[in-house]
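Asks: Now for the letters of each chain:
There are 2 protein chains.
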Amino acid sequence: MIYFDHNATTPIDERVVEAMLPYLKTFYGNPSSLYRAGRIVRSAIDTAREQVAALVDAPPSQIIFTSGGTEANNLALRAVPTGLKIAVSVIEHPSIIEPAIKNRKNECASIAVDENGLVSFDALEKLVQASDSPALVSIMLANNESGVIQDIVGVASFLKAKQIKLHTDAVQAVGKIPVSFSQLGVDLMSLSSHKIYGPKGSGALVIDKEVVLEPMLVGGGQERDWRSGTENVASIVGFGKAAELALQELELRTEHLLALRNKLERGLKEIPGLLIFSEQVERLPNTVFIGIQGVDGEMLLMQLDQKNIAVSSGSACASAGAKASPVLTAMGVDRQLAKSAIRISLGKDNTEEEVNEFNKVLKSIVKR
Amino acid sequence: MIYFDHNATTPIDERVVEAMLPYLKTFYGNPSSLYRAGRIVRSAIDTAREQVAALVDAPPSQIIFTSGGTEANNLALRAVPTGLKIAVSVIEHPSIIEPAIKNRKNECASIAVDENGLVSFDALEKLVQASDSPALVSIMLANNESGVIQDIVGVASFLKAKQIKLHTDAVQAVGKIPVSFSQLGVDLMSLSSHKIYGPKGSGALVIDKEVVLEPMLVGGGQERDWRSGTENVASIVGFGKAAELALQELELRTEHLLALRNKLERGLKEIPGLLIFSEQVERLPNTVFIGIQGVDGEMLLMQLDQKNIAVSSGSACASAGAKASPVLTAMGVDRQLAKSAIRISLGKDNTEEEVNEFNKVLKSIVKR
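These protein sequence lines map, in sequence, to chains V and F.
Position one of the first sequence corresponds to residue 1 (our numbering), numbered consecutively onward.
Position one of the second sequence corresponds to residue 1 (our numbering), numbered consecutively onward.
Keep in mind that the hints were calculated from the coordinates and are not lab data.
Be aware that one or more of the hints could be misleading.
Note that identical chains are pooled: a pair holds if it fits in a single copy or bridges any two copies.
[What the hints assert, rightly or not] Restricting the straight-line Cα-Cα distance to at most 20 Å, the calculated cross-link-like pairs of lysine to any residue (SDA-like) are:
no., residue 1, residue 2
1, Lys360, Leu275
2, Lys307, Thr26
3, Lys102, Gly83
4, Lys25, Glu14
5, Lys160, Val128
6, Lys105, Leu213
7, Lys25, Asn308
Since the structure is predicted, the reported quantities are computational estimates derived from the model, not experimental observations.
Bound-form chain V, shown alone (with noise of 0.2 Å):
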């Protein structure tokens, strides 16, 4: 198989699974245990943190490990207190969007992208500048589906001025580009382990120590008491594996995708009526978002999986439906473009070889 849909879910990593295997069979322990066998859990979870922490240049004190991408996301959002605003770009997560707008705490805006997909800080400057400004704004630092990266560094500096705390979601950037959380300057940082080949099951919320949060998982008082319920040891001390590695080869990693991903696209160059979204701005060196003029984007990922290739028709959560990328809608493409638009995101392990039989397999069901 070719597996070109690593923004949906990356294979775990063989040093990660062997890191994770005595925790599957011999180190079984509850870490809230006072006995040796507990002890020596609990002290695979302090590494695994540290390790998740080196990745984004975090203390280790201020990560909370949470079962994923998700959660992270839900639990951000209830940094605000009730009765103060929150605002989300219109091409955040569903796991950011949803509850922003469900939760009858607090009330919701919305901040609109550019036609490349970059957030409009003339939008964000007239939210921040109305009387009734938000208490937390939430803008990933790189999008699921055009893998375009934000201005984090200069959102966040605006937003200190105005004393407005600033979450970012940076499931899709960790491990793809160097991520600081000290040098964006954000409140509250999402990551998740099943995008840098760890296991699913787990991932992190990274706050900073000025923040007071309302846990939503309660009763037991694990993570100091900011994440309830016994910890998932095995996908942790995984997530703290790949985090090693993340950081130990990301330049490696990232020149590798880079030169994948310059191929890939000269090949795509090829195939007449076909667009690259957001080629002009920064993007994940991994992900390639492209429409196809009078093609189906559902039908051609049905075409390429039965020659066994795997690609998305827009974030795998929003798969199940048939709706257009809420992500191209929001950047004003036309909805038949946008309907044909499929998600290419490489992989570590990904081979020019691929690359190239993923082109000429595309172009020849393009040309049908």
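Since the structure of chain V is provided, determine the placement of chain F on it from the hints.
Replies: Relative to the frame of chain V, chain F by itself:
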């Protein structure tokens, strides 16, 4: 090591690890993806859902996978609309008591237990007869510390007549005694994988068709919108396998545990000043909760740890604190005796030799 703390967590069954490995190593697709690699994984989740459903005699469509028992318990309470009352027994797990008390949507009442740790029907009746009777009652099927099994069938039929919903936390009961969702007559039931020789990071809430929940994790729409977030596939598959084995081997396990417990208790009774809590009422076949006059439970736990024996001085989650067991306090046990308490919880792979060794070691420690 002699591991006698199975109510805190259990070692994963080797057969469960085997079942999980393909989903850590080979089948890594995102279950929401439409292509083959996604569908394979989706189907594995469906199988696990059937296995868990079979264990508790419920339709698969009524199983919601969660990140564990804590999330299942927290989620269960969200079946109560704003403004209505919740009533929980005083011996519930913190993951029921805390959200019941802390949530600002609902008032909370508590239900007393008698000196044996059985929920008081008098207290329940009084509560229900009051003008502001609760909309939901939560009473655990078997207690994590004492092992006491409640008359949930009796409570359910009493509450059904009053149209009050009943949730039962069956985390400790399942896999140790037969549990039928339909025969119990409850509306909601919580389960946990790592208490039945499955992996950590998975649990489930079983809900009746009539129940309407306000989801906790949102955005993504997984678990038919009851619980968003990429599924923890390997852990869910492991939970399913563990459930299958628990159902197949239930009788065998129960017999074995009961034989061990009887042997254990015969030995314990030779220790002067030792009391077995709730001895007169129906308890889980694996759990023995004891107090020893003049002994400090925490200290005893440490001394046993030095002899490579793992037991608990209360629920694992509360272990970090040095407070007397709230379960014993609720039963009216005096504070001094309560602080001497240790919980011995046996598992399917424990042996007679281990029980003999434990009895010998305990006797010699207490003598000093």
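Asks: Against each hint, give a clear statement of whether it holds in the structure.
Replies: To see whether the hints hold, each was checked on the structure:
no.: 1; hint: Lys360 <-> Leu275; result: within (17 Å within a copy, 77 Å between copies)
no.: 2; hint: Lys307 <-> Thr26; result: between (41 Å within a copy, 19 Å between copies)
no.: 3; hint: Lys102 <-> Gly83; result: both (14 Å within a copy, 18 Å between copies)
no.: 4; hint: Lys25 <-> Glu14; result: both (16 Å within a copy, 7 Å between copies)
no.: 5; hint: Lys160 <-> Val128; result: within (11 Å within a copy, 52 Å between copies)
no.: 6; hint: Lys105 <-> Leu213; result: both (14 Å within a copy, 18 Å between copies)
no.: 7; hint: Lys25 <-> Asn308; result: between (34 Å within a copy, 19 Å between copies)
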